[in-house]
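57 is the number that full-length UniProt numbering gives to position 57 of the sequence shown; each next residue is one higher, with no gaps.
It is worth saying that the hints were derived from the structure and are not from the lab.
Treat the hints with care, since some could be wrong.
DEER-style ranges, computed between Cβ atoms [stated by the list, open to error]: (1) L71 to T6: 37 to 43 Å; (2) P29 to D3: 30 to 36 Å; (3) R18 to D51: 22 to 28 Å; (4) D15 to S35: 29 to 35 Å; (5) A72 to G21: 18 to 24 Å; (6) A58 to L9: 28 to 34 Å; (7) V67 to H14: 32 to 38 Å; (8) R74 to D3: 18 to 24 Å; (9) T56 to D3: 35 to 41 Å; (10) V55 to P8: 17 to 23 Å; (11) A38 to A2: 36 to 42 Å; (12) P75 to A19: 19 to 25 Å; (13) E53 to P75: 36 to 42 Å.
Glycine included, every Cβ here is placed at the ideal spot set by N, Cα and C.
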Amino acid sequence: MADARTDPLMAAAHDLVRAEGYVSLLALPLLYGDSLVATVSMYYDRSVELDKEYVTTAQGVADHFAVALGLAPRP
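Kindly produce the complete structure, drawing on both the sequences and the hints.
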């Protein structure tokens, strides 16, 4: 989201967003098969245009993390 300080989806957290000092936010799922193994959140201290190419690239990196987590040995 381009501006988490004003986006209606973040209404309950606007005070926290302002206190933490971030503006833009991108949260991505890490999926391995049908399972959500984690999420990756990126916070920006300025407004960032999160266009389709940017999000697609970031999701591609997140997908690699998800595979690594999915294949990691379990204790």
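Legend entry - Hint check against the structure, violated hint numbers in rising order: 2, 5, 6, 8, 9, 11 and 12
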